[in-house]
Amino acid sequence: GQNIDQPTEMTATEGAIVQINCTYQTSGFNGLFWYQQHAGEAPTFLSYNVLDGLEEKGRFSSFLSRSKGYSYLLLKELQMKDSASYLCAVRGSSNTGKLIFGQGTTLQVKP
Amino acid sequence: EAEVAQSPRYKITEKSQAVAFWCDPISGHATLYWYRQILGQGPELLVQFQDESVVDDSQLPKDRFSAERLKGVDSTLKIQPAELGDSAMYLCASSLATTGELFFGEGSRLTVL
Numbered sequence: 444g445q446n447i448d449q450p451t452e453m454t455a456t457e458g459a460i461v462q463i464n465c466t467y468q469t470s471g472f473n474g475l476f477w478y479q480q481h482a483g484e485a486p487t488f489l490s491y492n493v494l495d496g497l498e499e500k501g502r503f504s505s506f507l508s509r510s511k512g513y514s515y516l517l518l519k520e521l522q523m524k525d526s527a528s529y530l531c532a533v534r535g536s537s538n539t540g541k542l543i544f545g546q547g548t549t550l551q552v553k554p
Numbered sequence: 146e147a148e149v150a151q152s153p154r155y156k157i158t159e160k161s162q163a164v165a166f167w168c169d170p171i172s173g174h175a176t177l178y179w180y181r182q183i184l185g186q187g188p189e190l191l192v193q194f195q196d197e198s199v200v201d202d203s204q205l206p207k208d209r210f211s212a213e214r215l216k217g218v219d220s221t222l223k224i225q226p227a228e229l230g231d232s233a234m235y236l237c238a239s240s241l242a243t244t245g246e247l248f249f250g251e252g253s254r255l256t257v258l
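Protein chains in written order, with the working numbering: chain A, 444 to 554; chain B, 146 to 258.
Since the hints were derived computationally from the structure, they do not count as laboratory data.
What you are looking at is a predicted structure, and each value in this text was computed from that prediction instead of being measured.
Idealized CB from N, CA, C, for every residue including glycine.
All the pointers check out, no bait thrown in.
If we take Cβ atoms under 10 Å as the criterion, some of the chain A residues that face chain B in the derived model are:
#, residue
1, Q449
2, G474
3, F488
4, Y491
5, S528
6, L530
7, N538
8, K541
9, G547
10, T549
Selected chain B positions facing chain A (Cβ under 10 Å, derived; list incomplete):
#, residue
11, V149
12, Q151
13, Q186
14, Q195
15, M234
16, L236
17, L247
18, R254
Could you put together the complete structure from these sequences and hints?
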């Protein structure tokens, strides 16, 4: 079967660093996405990893280890506006490019 | 900036009624997706189109849900009859290709009473 696991909730302090983990078991692998979703809004794209290693984009970085079926999203210099749900999504080997989402991690940033 | 358009933004209906949602993807995007997101969960794919053809509807409850993309551009998702458990956010997304990033619309929030 296909399974994507993320912690349900996390809390962090403004200005700090937080790491959100994602583990996956899928039929094949053709890339992993991280999306941010504020309450009541649509998901917005944050990052994409298809090869092992770290991808950095400003305050956000994403890491992938394909052999371990593991990724993390690292958020630095947390701001209050970073309070949102963070969705890990994996594209398997299906020729349709189907994207399967995890349940999301709700991050609360406190002053 | 190009966006995925969806309507209505909010819909309240009674169970057993019919509802329909509309989506207009970003111009030129061949792949269109309908996802359902129940509160507190991640989006679940209902149906995926490549141009006007359905390429994945394995999770679509076909006894009550239907989707079409007749001209390979905009799409309609219909539920008839609606049930209480259908209350959710219905998200439309599009991508340039099946390997590309998904761009989501604002979603249509359905409440079934």
